[in-house]
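**Student:** The chain contents come next:
There are 2 protein chains.
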Amino acid sequence: MTSYRYARRLGAVPPSFLGRLFAVSTDPSVISFAGGLPSPAVLDVDGIARAAADVFAESGAAALQYATTDGHRPLREFIADRYRRRVGLDVTADQVQIVNGSQQCLDLVAKCLVDPGDTVVVESPGYLGAIEAFSLYEPRLVSVPIDERGPDLGSLGRIVSGDRPKFFYAIPNSQNPSGLTYPDEARRAVADLLDGSDTLLFEDDAFGELFFDGRPREPLMRRLPGQSVLSGSFSKVLAPGMRCGWLVAPEPVLAGFNVAKQAADLHSNHLSQLVLMRWLETNDLDAQCRRVARFYEQNCRALIDALDDRCPGLDHTNPEGGMFLLARLPGGVSSLALFEEGLRHGVAVMPGRPFYLEGGDDVIRLNFSCVDPGAIDEGIARLAGALRLLGH
Amino acid sequence: MTSYRYARRLGAVPPSFLGRLFAVSTDPSVISFAGGLPSPAVLDVDGIARAAADVFAESGAAALQYATTDGHRPLREFIADRYRRRVGLDVTADQVQIVNGSQQCLDLVAKCLVDPGDTVVVESPGYLGAIEAFSLYEPRLVSVPIDERGPDLGSLGRIVSGDRPKFFYAIPNSQNPSGLTYPDEARRAVADLLDGSDTLLFEDDAFGELFFDGRPREPLMRRLPGQSVLSGSFSKVLAPGMRCGWLVAPEPVLAGFNVAKQAADLHSNHLSQLVLMRWLETNDLDAQCRRVARFYEQNCRALIDALDDRCPGLDHTNPEGGMFLLARLPGGVSSLALFEEGLRHGVAVMPGRPFYLEGGDDVIRLNFSCVDPGAIDEGIARLAGALRLLGH
Chain A
6 MTSYRYARRL
16 GAVPPSFLGR
26 LFAVSTDPSV
36 ISFAGGLPSP
46 AVLDVDGIAR
56 AAADVFAESG
66 AAALQYATTD
76 GHRPLREFIA
86 DRYRRRVGLD
96 VTADQVQIVN
106 GSQQCLDLVA
116 KCLVDPGDTV
126 VVESPGYLGA
136 IEAFSLYEPR
146 LVSVPIDERG
156 PDLGSLGRIV
166 SGDRPKFFYA
176 IPNSQNPSGL
186 TYPDEARRAV
196 ADLLDGSDTL
206 LFEDDAFGEL
216 FFDGRPREPL
226 MRRLPGQSVL
236 SGSFSKVLAP
246 GMRCGWLVAP
256 EPVLAGFNVA
266 KQAADLHSNH
276 LSQLVLMRWL
286 ETNDLDAQCR
296 RVARFYEQNC
306 RALIDALDDR
316 CPGLDHTNPE
326 GGMFLLARLP
336 GGVSSLALFE
346 EGLRHGVAVM
356 PGRPFYLEGG
366 DDVIRLNFSC
376 VDPGAIDEGI
386 ARLAGALRLL
396 GH
Chain B
6 MTSYRYARRL
16 GAVPPSFLGR
26 LFAVSTDPSV
36 ISFAGGLPSP
46 AVLDVDGIAR
56 AAADVFAESG
66 AAALQYATTD
76 GHRPLREFIA
86 DRYRRRVGLD
96 VTADQVQIVN
106 GSQQCLDLVA
116 KCLVDPGDTV
126 VVESPGYLGA
136 IEAFSLYEPR
146 LVSVPIDERG
156 PDLGSLGRIV
166 SGDRPKFFYA
176 IPNSQNPSGL
186 TYPDEARRAV
196 ADLLDGSDTL
206 LFEDDAFGEL
216 FFDGRPREPL
226 MRRLPGQSVL
236 SGSFSKVLAP
246 GMRCGWLVAP
256 EPVLAGFNVA
266 KQAADLHSNH
276 LSQLVLMRWL
286 ETNDLDAQCR
296 RVARFYEQNC
306 RALIDALDDR
316 CPGLDHTNPE
326 GGMFLLARLP
336 GGVSSLALFE
346 EGLRHGVAVM
356 PGRPFYLEGG
366 DDVIRLNFSC
376 VDPGAIDEGI
386 ARLAGALRLL
396 GH
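Here the protein sequences line up with chains A and B, keeping their order. According to this note's numbering, the stretch in the first sequence is residues 6 to 397, in order. According to this note's numbering, the stretch in the second sequence is residues 6 to 397, in order.
Simulated from the structure, these hints should not be mistaken for lab results. Treat the numbers as computed from the prediction; the structure is a model and nothing was measured. Be a bit skeptical, because a hint or two may be false.
Claimed, not checked - Partial list, derived from the structure: chain A residues whose beta carbon lies under 10 Å from chain B:
1) Tyr71
2) Leu113
3) Gly246
4) Gly337
5) Leu341
6) Arg349
7) His350
8) Gly351
9) Gly390
Even glycine gets a Cβ: it sits at the ideal position worked out from N, Cα and C.
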């Protein structure tokens, strides 16, 4: 046997940039704005360790045993209750499915909804992990530009009425990669536009707990309760390595999702669910989120100050929260060229290309969550040096 | 919006029996042979708890952080090294991908290999979780009967040469549901039959550490190194709830698998990988496997003694290891009827239907890993009562 017969869908995945990025991230001489990790400084290791010890002492073998596909019931109740209290979303634990980080929602929602050739709408720029996950189900991917005012409604409206997309995937809060947040008017307008169509909204809220002002933004799901699914995660505020996220969905949609989840891996890590639940019972999640958001806010301000000071030719977004901003390169500079030149100067940035269905080489993504605060200014000084060498 | 437009593949999944089973498993008055859990008595809770405490103390925030898609390198090296030492399989860590329990291999292997309509061969009876997982990729599923001599080679040969299946999925060691183990001759014959065809062997070895005689059986992969993938798991010997399994594959196949894994959930639970690795460094896995196997062997003997004594009309397999046996019902008795009548007598068995692409109502699966040893004889006495009421 000389060759392997892969499924056609494997050929639909765009080439990944992550291997190259990972090689960069392990070089201590490089100041990296290219990654996407939470800061290790804000992870509550002692708190999680205590919670784990409690779980072993109290639950014993049950913590290590197989469990139900939908997830640990008290954790699902905590999540539903928090949505009710925090943003007035009327959901119950029966509408919550636990998954391995919200990335798994991207895979399973597409698996449940997308036949080859179906139209799926993503934001432009959009989350590259979503583009990869969706691509494996061979959709016809189309994108809608977003900016400070939200998504381009004319473009979205034409696609929804003309192409009947299966869903519109959006990150309305501090989007990865742009750092953009939909204003309240845009939330209303998108909900009005989709309402009554047969296009679902897939609302990814990975960053909604990380607004610098601490004010929760209203999920679009509140206006489209029967017509949207909403994913969330503990990865950005507690422990990404424990891979614990969730999907909130109308019960009929969740039933299909549960079938796909069971086929995918039976259930999510049960021990981790118990440990996180114990942490949530014995700690203050709001205080933890404020702590993380304050840390990222300071980093974001330092990054923007350094950019405005040292790279005045770079237009950039002004995030209200999250972990990323997007900068537009001065005319003619390629983000891939800047990536390579930056490495020679000891600084890493994320080229824009993977965030776009086409184009995108004129922007870079800068992460401010996982860079040493004391190294931000020096990193941007190096970036300015690289830009000068490229003619700016 | 009144209805949801699901992907066609959701309609391909056979109806699940698990909800009904789960309801049964929570009733303490029912003696259940229907489940598939490891015994809580053999889970090393204290050892895992110590390993977790060590990991938090030594690794700190790194244990909670995002990690690489392929998995924790020392764990991959441990797995490869164990295959080399234990069964002479010449593999390296580069050929090992960590997943969320070996169930995830079923999903991701099918995702990488199966286009709708492709032929996939399963055993008859076969593992129902595999039938479910594969079905979502809309293959043409065909089955090959297995018995004490292994798979029906004539049938397998005709399918391989006639239909060019993408892969043959087999559990050669103490199969779920039958408890059957391929004899050595069958291993050679299946490898010879597939060798040089373009059909991959997908060898699922969930139970190979649980042979009662402690003798490792040779993986078929040893004879088909470039033409097979092999899945394994810590779920049956250490901690199912931690969802840690792996796939061993030729590097080109693993590259595609890695893309699918990253799209599915970025990586498996990092904390759990570190905790398991720590346990493996500080404990004796061989001793743990012997302990589990001895416990299951005693249960299996008690179950067979009770069956032969109280239900002489039931033909059954004689497992060399694992957690299950299969019993053939006397003429005319339906396994679904026996399931319902059994419940009225306070005993639960697993009907055979879900393990077959068609038929199968004339067999039941009996689990002997997760039943109280002292309750086995009483459980089978109740089953005999139910059989009598059904005319036997």
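**Student:** None of the hints should be skipped; say for each whether it holds.
**Tutor:** A quick look at each hint next to the structure:
1. This hint holds: A/Tyr71 has a C-beta 5 Å from the nearest C-beta of chain B, less than the 10 Å allowed.
2. At a threshold of 10 Å, the smallest CB-CB gap from A/Leu113 to chain B is about 9 Å, leaving the interface hint in force.
3. With 10 Å as the threshold, the beta carbon of A/Gly246 comes within range of chain B, its nearest partner Cβ sitting at about 3 Å, so the hint holds.
4. Interface restraint check for A/Gly337: the shortest CB-CB distance to chain B comes to about 33 Å, outside 10 Å, so the restraint is violated.
5. The closest approach between the C-beta of A/Leu341 and any C-beta of chain B is roughly 21 Å, which is over the 10 Å cut-off, so the hint fails.
6. Taking 10 Å as the C-beta contact cut-off toward chain B, the hint placing A/Arg349 at the interface is violated, the least distance being around 25 Å.
7. At a threshold of 10 Å, the smallest CB-CB gap from A/His350 to chain B is about 26 Å, leaving the interface hint violated.
8. Residue-level restraint check for A/Gly351 is violated (minimum Cβ-Cβ distance to chain B is 23 Å; threshold 10 Å).
9. Interface hint status for A/Gly390: violated, as the beta-carbon distance to the closest one in chain B is roughly 29 Å, over 10 Å.
The structure shown violates the earlier hints numbered 4, 5, 6, 7, 8 and 9.
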